[in-house]
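*Asks:* If you're matching them up, the sequences are chains B and V in order.
Under the working numbering, the first residue of the first sequence carries the number 1, and numbering increases by one thereafter.
Under the working numbering, the first residue of the second sequence carries the number 1, and numbering increases by one thereafter.
Keep in mind that the hints were calculated from the coordinates and are not lab data.
These numbers come from a predicted model, not from an experiment.
Accuracy of the hints is not assured; some may be wrong.
As the list claims (entries may be wrong) - Dumping the calculated SDA-like pairs for lysine to any residue here, alpha-carbon to alpha-carbon at most 20 Å:
#1 V:K206 - B:G65
#2 V:K154 - B:N203
#3 V:K314 - V:L101
#4 V:K206 - B:D73
#5 V:K206 - B:R133
As the list claims (entries may be wrong) - Sample of chain V residues facing chain B (criterion: CB under 8 Å; computed from the structure):
#6 W121
#7 M212
#8 L274
#9 D321
#10 I322
Note that beta-carbon positions come from the ideal geometry of N, C-alpha and C, so glycine has one too.
Residues per chain are reported as follows:
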Amino acid sequence: MTSRRLAMVSAGISVPSSTRLLADRLTAATVSALRERGVDTEVDVIELRDHGHTMVDNVLTGFPGRALRTALDAVTGADGLIAVTPIFSASYNGLFKLFFDVLEPESLAGKPTLIAATGGTGRHSLALEHAVRPLFAYLRGMVVPTSVFAAPEDWGGGDRATQALDQRIARAAGELADLVVARPTQQAADPFLEPTPFEQLLNGS
Amino acid sequence: MQLGIFSVGDVTPDPTNGRTPTEAERIKAMVAIAVKAEEVGLDVFATGEHHNPPFVPSSPTTMLGFIAARTERLQLSTATTLITTNDPVKIAEDYAMLQHLADGRVDLMMGRGNTGPVYPWFGQDIRNGIALAVENYALLRRLWREDVVDWQGKLRTPLQSFTSTPRPLDGVPPFVWHASIRSAEIAEQAAFYGDGFFHNNIFWNKEHVQRMVELYRRRFEHYGHGAADQAIVGLGGQVFMRKNSQDAVREFRPYFDNAPVYGHGPSLEEFTDLTALTVGSPQQVIEKTLSFREMAGDYQRQLFLMDHAGLPLKTVLEQLDILGEEVVPVLRREFAALKPAHVPEAPTHASLLEAAGADEEEVAA
C-alpha cells in the first residue's frame, strides 16, 4: 500500500465546534475513500484556535513561532488539504484567513483541496462559492468541485437532511481522494538545501 | 572578531513620555552614538539607509563621512545599502570617495530594502528585487575593479568607456557583505563572490538564521573560496542591559511593546526565546551572544541594535558604556579563545591591501 499525508485545518471557535465535527467527518470519509483506492493515510489535525495569538504575531513580525511553524509545514508538505471554516459575516472567519495569509506563497499551488463550512442557517451556504473558493483559486489550490456546507438542520433534520449531508461528504471525499491518488507524493522544495545556482541568477533566470 | 552597532535611524516617539525627537536631534544623536561607540572600544558603526519617514538616514555617505572626521579607528559600514534602487555607479563613486576620506575604514552591507514604494519612487519594480541585486552588484564590482568599463545589462542604461571616480583607495575595493533575512538567493550571491554574509538575526527566528548561514557556508566552500568554516559571517543582535535583569526588563518593556516592526505582537519573553533579543544583565548578554557561535559557527562580526524604538539618547549612551565596559572585553576574550587559527578575521582595508600585494608577488614570481 502506498501512503499519503492529509492536513485538516479547522477554524472552529467553540469547543466542541460543529466546524470541527464536519472536518472530522470529511477527514474520516477521505481516509476511507483513499483506503478503497489502496492508499494509507496519515492525518495532521490543525485547530486554528490553538494558534490564534501566534498567527497575529506572525502577521506583525513576519515569522512564525515554533508550534505555528509545525502547523504551516504540515499543510505545505501535505498531499491533500481539508479546510473548514465557520461562515462569519458572509465569508470565512478571521482565524481562517490569518492562517492562509501567513502560509508561504505557492504552498498550495496544485494541492488537492476540499473546502467546507458551517453556518447558522442554510442561507449562508453559497459563501463557500463566493468567498472560500476564490481564496483557494488565488492560492492556486486544486479545489474539488463539491464543497460541503453544514447548517444546523443537517445535523438532525430528519433522515432526508442527514442523508443529504452524508452524500455530499462522501462525494467530496471521493473527489479529493481521486486527486490525491493521481498526484505523486509531495516533497516541498527547499531553497535552503538546493539554492538556484548563482550563474543561473546572473543569466537572469 | 569585530564588535559594533548598527542603527536603523528611526524617529520614534518615546513611549514613556510621548516625546518625539526632531530629525535634527535624531541625526546628531546617531553621530553621537557612533562617536561613543569608538570611545567605548567598539569596532564598527553601521547606518541604515531609508527613503521614507520616520527614518532619517537617506544619505549614508554624508553621515559616515562626518563620523569619519570625528573618529580615528572606527570601521564605518551600512545596514544596509540599497543595491536594488541605488544606481550602482553612484554607489561605486560615493563609497570610493568615503574610503579616501576615511583612510580605508569603510565596508558596505548590501540589502534589497523592505519598503515596497521605494522601488517605484526610484524608478524600479519590486518584482525585480533579486534581479536588481544580482545585476547591480555585478556592475558595481566591475566599476571598482576595472578602470574603464563597457557594460550592458537589462535593468540600467548601458555604459561605454566609463570610469568611476575616484578609483578605490590603493586600488582595493571596500569589503562587501550581503544581507538578507530570508532569501536563499542572497546567501548564494555572497558565497559565489566569497563576500561576507550578514543576517540581522533580530527579525527572524534563530532556527531560520542558522539555515541561512549554513547555506552560505556550504556554497562558499562549493565556489572554492575556502572551507565552509572560513566563510565570513556577520550577525545582528539586540540588547538592553541593567545590572539587575529585572530592572532591564521593566525599563525596556514599554519600548519593546510599542516598537516598530514587532510592537503589539509577541511578548518580550516570547520574542527573547525566538530571536537574538536579550534584555537582562550584562552576563546574560554575554551568554546569549556566545550562543550565536554555537548556532552559526565561528563568525567575524557582531553588530548590536541599541538605539531604536524611541530610546532616549542618554539611555543609549549609558547602554554603550555598559556594552563597552562589561560585555565587549569578555566577548573579545571568549571569542578569541574559541576561534580556531584557520578561521579568518573579517577583512579590512589593511588585510585586503596585503592580500592584493601577495597576489601580485605571486603573479610576478
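*Asks:* Would you mind marking each hint as holding or not holding in the structure?
*Replies:* Hint-by-hint comparison with the structure:
1. At most 20 Å may separate the alpha-carbon atoms for a hinted pair to count; K206 (chain V) and G65 (chain B) meet this at roughly 11 Å.
2. Taking the CA atoms of K154 (chain V) and N203 (chain B), the gap is near 10 Å; set against the 20 Å cutoff, the hint holds.
3. Simply put, K314 (chain V) and L101 (chain V) have alpha-carbon atoms about 29 Å apart, too far for the 20 Å limit, and the pair is violated.
4. Only pairs whose Cα atoms come within 20 Å are accepted, and K206 (chain V) paired with D73 (chain B) is accepted, the gap being roughly 17 Å.
5. A hinted pair counts as satisfied when its Cα atoms are at most 20 Å apart, and K206 (chain V) with R133 (chain B) does not qualify at roughly 36 Å.
6. For W121 (chain V), the shortest C-beta to C-beta distance to chain B is roughly 22 Å, which exceeds 8 Å, and the interface hint is violated.
7. Using the Cβ-Cβ criterion of 8 Å, the hint placing M212 (chain V) at the interface with chain B is satisfied: the shortest such distance is roughly 7 Å.
8. Because the closest C-beta pair between L274 (chain V) and chain B is about 6 Å apart, less than 8 Å, the hint holds.
9. The beta carbon of D321 (chain V) comes no nearer than 30 Å to any beta carbon in chain B, farther than 8 Å, and the hint placing it at the interface is violated.
10. The beta carbon of I322 (chain V) comes no nearer than 27 Å to any beta carbon in chain B, farther than 8 Å, and the hint placing it at the interface is violated.
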